[in-house]
Amino acid sequence: MTATLQPAGPATAAGPAPTPGRRRPRSSAARQRIEIVLLVGPALILFLGFVILPVILAAVYSLYNLPPAFRWEQLAEPDRFVGLANYQRAFDSPEFVRAIGNNFLILFASLLIQGPLAIGIALLLNRPLRGRTALRLLIFVPYVLAEVIAGLAWKLLLQPEGGVNAMLESLGLGFLQQNWLADPSIALWTLFWILTWKYLGFAIILMLAGLQGVPEELAEAAAIDGASWWQIQRHITIPLLGPTIRIWAFLSMIGALQLFDMVWVTVAPTVRGMATETMATYMVQQGQFAGQPGYGSAIAVILFFISLAVALIYQRLALRRDLAGAVTRGVR
Amino acid sequence: MTATTSITTGRPADDLPPRRTAGRGIDWGQPFVYLVALVVAAVAIGPVLYVFLGGFRTTADLNADPAGLPDPWTLANWANVLGSERFWGNVLASVILAVGTTAGVVIVGIMAAFVIARYDFRGRQGLYTLFTAGLMFPLTVAALPLTLLLRTLGLHGSYLGVIIPSIAFALPTTIIILVPFLRAIPDELEEAASIDGTSRIGFFWRILLPLSMPGLVTVGVLAFVGSWNGYLLPLLVISTGTLPQELWPLPLGVTQFSTQYSQDTAAVLAYTSLAMIPALAFFLVAERRIVGGLQGAVKG
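Top line first, the protein sequences correspond to chains H and A. Position in the first sequence (first residue = 1) + 141 = the working numbering. Position in the second sequence (first residue = 1) + 12 = the working numbering.
In short, the hints are calculated from the structure, not lab data. These figures come from a predicted structure and were not determined experimentally. Hints may contain errors.
[Stated by the list, open to error] Pulled from the structure, derived: some chain A residues nowhere near chain H, Cβ distances all over 12 Å:
id : residue
1  : 108
2  : 111
3  : 218
4  : 225
[What the hints assert, rightly or not] In silico contact screen, one side only, chain A against chain H (beta carbon under 7 Å); selected entries:
id : residue
5  : 81
6  : 120
7  : 183
8  : 210
9  : 214
10 : 284
Cβ coordinates follow ideal geometry from the N, Cα and C atoms, glycine included.
Go ahead and model the full structure; you've got the sequences and the hints to work with.
This is how it looks when you write it as structure tokens:
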């Protein structure tokens, strides 16, 4: 999550810069070439070898029926090549289709529930408050914890005899007790609650940061003209918060599509298979632990194209203004 | 939302908002806002507190009253975890992975970013585009073939098998952050250094590197946190390898512990809370950097 976060910022900051290097004497051209190779070489090798190559390999493997931990030579064996059969199988598999559905359910639930909640809370908290720094720290704590460790904590809390049910009991709300993570009919929503707990603080902090960029004078002017608090938020603050909201939504969507750690750790495999499988957990389950790297690779490729499609569509629809030229136009 | 209505009625339109509220001290006129703040903070911190407090209880006590407070407080769970080689092995593994990844990302990243930012050559644009395109390839997609590739290279099951791919996947973000940073350093500085007889590499060492420290720290913190919290790569590379679980990184070690000792809730709570401490401590130290990085990311 943190990693995907950055692209928006520096890109907008990267204005046109003077082209460096013209003033050096021609004789150093050879030396410059050596410097370039030595300096960029390591990064380029790592990047091509461990990012690009595996992705290409995934596309290749997805066309084969492969045994676990196979050797490269086996690709040439007869009957290994199966064309698009792995893809066919994926889309015919009810588990995988449900996994796609789960990913999108979490995606839309995040946008429709976490988004307004975070904006609302940020608008309320965007004023001089006593203990504001402490509050900001506390809100951010769930985001800082590893997804796995936060997931384990919630798994313990949500056991049938865990803290949550006990608390409901002591509040006289015993009838609300559930087997939160083991009941397939509610496990996905329990999971969504944990994700909301984990990532709402991040959204609130992001929105509060965005609100710092909204000039106070506008709200003051509107207030003088007789606008109510709500009118000011609705017509001035929220529209000006637009870029922050759109970037948050983008990060949230990509996160929802790649969701793995939390599901893998909190939900038992049997329940996961019935109710909370995501594309990534299905991929790891099939590709690694069920020993079908070819099939798993096909899932990876599908996951890639779905993420790419969502990112491109969203960029076209919403992010265009904010990221103008960030990735597409590059350095200049 | 109920929140907005009560605020609206609480502050009628003819009641002008004060120009500067900062110096006025406590604004007790808005108890509702404080209530919201309190609820949000309690929800955020509650489960973490529960885990910490639970670690100070016995499993029998926890089973009898899961929502109670420690009574009496017992330090046995914490002592057991802190006295176990396993916990410290997990911590050590996490430290090795995080430090190795961070060092690698910072060194390899700044070298590449330096060239892209300050050298003029054909293909510079293409190079930058290539690295930024890396954002489109998440680790999840590459994970399976990566595991097979590491097997071929003999790196499967080793720390290097996690560190090297982690560096590679952190490079796009790193370069995207560092390039504008390095470019913002004025050309005049480089010219002055050149007139004084410094080579370009000398300029890089003596002037550029010290000036780009804030950018390097941001990049380093991101890489460190990413590695410290990482689960998928260790799961595929280390848990399926030959390293004993005493030497697995924390996220793997904690899940493994909780599976093995699922009956001993108090022990699991203690292990989990101790596993939280490094991240929380690091966050307290680097809070400004992390939140600042976020704010930088949304300034548009």
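Hint by hint, which ones does this structure get wrong, listed from lowest number up? Checked against the structure, the hints that fail are numbers 5, 8, 9, while the rest are satisfied.
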